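Undergrad: Reassemble the complex: the two chains are provided individually, in unrelated frames, and hints are given to aid placement.
These are the residues of each chain, in order.
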Amino acid sequence: MSTTAKLTLLSVLTLAVMLLAPFAGLGDIADDVIRQQILYEIRLPRTLFAFAAGAGLALCGMVFQAMFHNPLATPFTLGVASGASFGAALTVLLGLNITLLGFDAMTLGAFIGALAAISFVYGISRLNYSFSIETLLLTGVATSFFFSSLILFTQYLSNINDSFRILRWLMGGLSISGYQSLLQLLPVVAFSVGIMIWLSRELNLLMAGDDIAISRGVAVKRVRYLLFFTTSLCVGAIVALCGPIGFVGMMVPHICRLIIGTDHRWLIPATLIFGGGFLILCDTLARLVIAPAELPVGIITTLLGGPFFLWLLVRSRRAA
Amino acid sequence: MIEVSALHVQLQDKKLLADISFSLDAGDYLVVVGPNGAGKSSLLKAMMGIIDKSSGDILFHDRPLSGYSQRELARLISYVPQSSGRELPFAVEDFLKMSRYAHHTALSEWQPDDQAAVEDALRITNTAQFRQRQMTTLSGGESQRVMIAAALAQQTPVMLLDEPTSYLDPHHQVEVHRVIARLNQQLGITVIEVSHDINHAGQKGRQVLALTDGEAAWQGPGEIFLEQERLQRLYQQEFVFVTHPRSGRTIALADPL
Chain A
8 MSTTAKLTLL SVLTLAVMLL APFAGLGDIA DDVIRQQILY EIRLPRTLFA FAAGAGLALC
68 GMVFQAMFHN PLATPFTLGV ASGASFGAAL TVLLGLNITL LGFDAMTLGA FIGALAAISF
128 VYGISRLNYS FSIETLLLTG VATSFFFSSL ILFTQYLSNI NDSFRILRWL MGGLSISGYQ
188 SLLQLLPVVA FSVGIMIWLS RELNLLMAGD DIAISRGVAV KRVRYLLFFT TSLCVGAIVA
248 LCGPIGFVGM MVPHICRLII GTDHRWLIPA TLIFGGGFLI LCDTLARLVI APAELPVGII
308 TTLLGGPFFL WLLVRSRRAA
Chain B
-7 MIEVSALHVQ LQDKKLLADI SFSLDAGDYL VVVGPNGAGK SSLLKAMMGI IDKSSGDILF
53 HDRPLSGYSQ RELARLISYV PQSSGRELPF AVEDFLKMSR YAHHTALSEW QPDDQAAVED
113 ALRITNTAQF RQRQMTTLSG GESQRVMIAA ALAQQTPVML LDEPTSYLDP HHQVEVHRVI
173 ARLNQQLGIT VIEVSHDINH AGQKGRQVLA LTDGEAAWQG PGEIFLEQER LQRLYQQEFV
233 FVTHPRSGRT IALADPL
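Residue numbers (the numbering used here), protein chains in the order written: chain A, 8 to 327; chain B, -7 to 249.
Only chain B is shown next, with the shape it has when bound in the complex (with noise of 0.2 angstroms):
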């Protein structure tokens, strides 16, 4: 359902990204990783029309991303940017229901079907509990959460998500990538997750692709991707890699020596 086929991004002189491609069916996972600085926010945003591309092509259902409205893109693909949302003025459910923009026209009534959506959301995301607090006022893994809320309130099939575990706790992590995994498993919902944790990457069922300076420097199977040679070419980083005692999957570990 995505086909992202030699895609060039390009700002002023600064080359972002150079030649991606790749394809996935829907209820996929897709891993970006790579280096900060590699471009893997700025294929998130590409991928938004956030920023525009300088050549190549992104289809979604066969369909060139330049022939969507930006409306209709976003009944398609929802994005939960990188930023923690607490410096937005909005209370926690007004939020929430900002998302539902794109179900509507200027003249349409808010309907059943919208605050059900809502309602959804502040459930899997387990914020409903704070539904009437300003953003301003949550913690950072609060605020994570709610922006993942508000994406997943706007119903898409598919979810962009720019390192939604990066402000959390060792166990809000694990509950983010929980409620990830459920929507990927059981609604069926396409994701592509950018981040930094290349355990999480490396797991079966997930597909990785590993950036390096706007470049894919290899992209394959989650399960084969944790291996020494290119974690160590990836990142200019030793890596250790032990067995996990209870699950038996390798983990890798950089090693500071």
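Next up, chain A with everything else stripped away, as it sits in the complex (with noise of 0.2 angstroms):
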């Protein structure tokens, strides 16, 4: 199959969830206007951000693997999305209520935090002249647990009311209502997707390891930091909205590169539709397992990511 045919059967797949999702739980009804409001202010912007969140996380985690070479490095193994966790528990708990350019305050400081995180961590992994990817992960494991413990140590400081709200939020849900939320997830990552695509050369010769990407003409340090901005921006973005939704960026690229090559000028529309696609099927089964009460997605996410990371382990240990 071409791969423009495979990219068109993806989009037709996507399309056919994203058309189906809202419909899902909601024939048990009775009364057409609830059903028409829950399906227009509730289902289709739920549906949508879902989209908007998988294809953001999705992406992101595509940058990463392109950047370490490494499947395994994604924003949330190399503990960028605890850092923006930390990040947005820290505003609620010291209560901020600021806005900067039309991001509330749990926004900027998970921006803040993930950009915090990625430099400690890429720092530290550059301390030593003889970089390592496994270096860079464990690096990523010791940042993660470290964010967590501080995620932990504000909760405890919280009352009991935002130490739950705190919690509830890390699980990683998508459980939102209206269109306002979709309003402020859409642009980060319509700008994310811009700038990938307009970098998607330059990640091709990142795959080929740094020595040949900047003998072959790239500034690399320029483009790392300038994809390390954007991911976390959109990373950043993604986990103050709906908590760490973990594994989403490690799975779906990795599936696509199987499918579509490694080509980012092919991949990154599959990421993108596979990734929305994908949150939507996560989240949709989310509300349906154990309906009329819903599961936050992220436990979906992660229930099928700790298998698919596992498995990528013992294949990178049998390859190697």
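One or more hints might be untrue.
List of simulated lysine to aspartate or glutamate pairs, EDC-like, C-alpha gap at most 20 angstroms [to be verified]: (1) B:Lys89 - A:Asp217; (2) B:Lys89 - A:Asp218; (3) A:Lys228 - B:Glu64; (4) B:Lys89 - A:Asp270; (5) B:Lys196 - B:Glu167.
Simulated from the structure, these hints should not be mistaken for laboratory data.
The structure presented is a predicted model; accordingly, all values stated were derived computationally and were not measured.
TA: Below, the structure written as structure tokens:
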């Protein structure tokens, strides 16, 4: 099958998921007015929101995997998401109520936390002359733990209400209503996608390693900082709005690479579409499993992601 | 066209290169030799802008390295790293196409002369027959030729090669050296090659830069490089010298006794 055909198929499947998801579990509501209201005020914005968040998470994962040439390196494994979570939780604790350029305090906190985490992790792994992916991943793990205990500390200091709010949000959920959150997230994701498409040739060359990328003419440092900034912004916004939803950024781009190949000019649209569709699917599942109550979607993605992570680990071991 | 003067490179506390100076004209062929860890690869990396210099100057066409954007530099110099390239997740032809990066902007389209550059590179290095293959499926020798092809596709007047024959059997070593010689002599490409093959370095028409511990131990024309005391000091190793029965050239052999 040609790449175009695969991409078309992927789009059609995702579109089908998008069209069907809002109606799932809607059958037993008899009243037409309420049905319409739920559909347009809750389900539709939620589906679109899930698409944007899933696409954003998957693309940020894709960028990290390309930059570090390893499928295990993602914003979540490298501690960026926990940095963002801590930043956001801190703003809840402090009761900050500022907005800057249309971003609320929680988003700003998450963005700064994400940026701090990636600067730290990358800085540490560069301290040694011989940069190794193992050092990077282990630094990421340590950083994750560090931020996790800071989050616990924040929770401990918070009152019972805020503490529960933080806990519930940490599980990762998409229970939004109305279009407010969607309108906050969409520009950030759109901006990130734009940057990534613009840098797709650079991303291809980064996969060949820094030395080759530099010798082919890529200003690697500048590109990397721009990508750190972009992914921090994107992960920060997503984490602030729906909590850390793990493993989407690891599974989706890796599967897309197996289907589409490594050329980012194709991989970016594929990851975007598949990431969006995948999170809608997970969210629908989360709504239906114990209906009428619903699970936080983060539980579903992590339940799927854990085994996937192990599979990758075993596979890469065997390859090495 | 290339002027390196008093070049120092340091990484944290580790001195990689100290006080290296040389100059090359267009079409020159410089072979950098020396024992392992002498700083040969670091020299190439510093010239390509992969590692930063601590002090000194690297000038191309009388303009300092820092005066070029990385893209401009990549239109002037190409680089064949020491790695075999077999870990790269690309098909051969795609990898060669990626070499055209410096000739493009984010929006420009693939041009006929881009394709021509790729075809030329495949033909010159005799790699066209596996253009569709994945790099991971190539043999060491095949992938090394592909790495050279990829640098060639960049179409630069200067090429830096870091041990381009280290993974090759004798036949392919000869083949690759013939390719490099042809690039140098027929296309006038300036070549800087890191090599452990002292007999390859010690030929007429080559210049030699011998490094030990990051410093220049000797530099001069290739035909006078092969000399008992010099080699012994450089490699801490006894050598014997014989005359090649057909070409009459002097050949140095490491003497295990």
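Undergrad: If a hint holds in the structure, say so; if it doesn't, say that too.
TA: Each hint tested on the structure:
{"no.": "1", "hint": "B:Lys89 - A:Asp217", "in the structure": "17 angstroms, holds"}
{"no.": "2", "hint": "B:Lys89 - A:Asp218", "in the structure": "17 angstroms, holds"}
{"no.": "3", "hint": "A:Lys228 - B:Glu64", "in the structure": "16 angstroms, holds"}
{"no.": "4", "hint": "B:Lys89 - A:Asp270", "in the structure": "11 angstroms, holds"}
{"no.": "5", "hint": "B:Lys196 - B:Glu167", "in the structure": "19 angstroms, holds"}
This entry satisfies every hint, going by the numbered hints stated previously.
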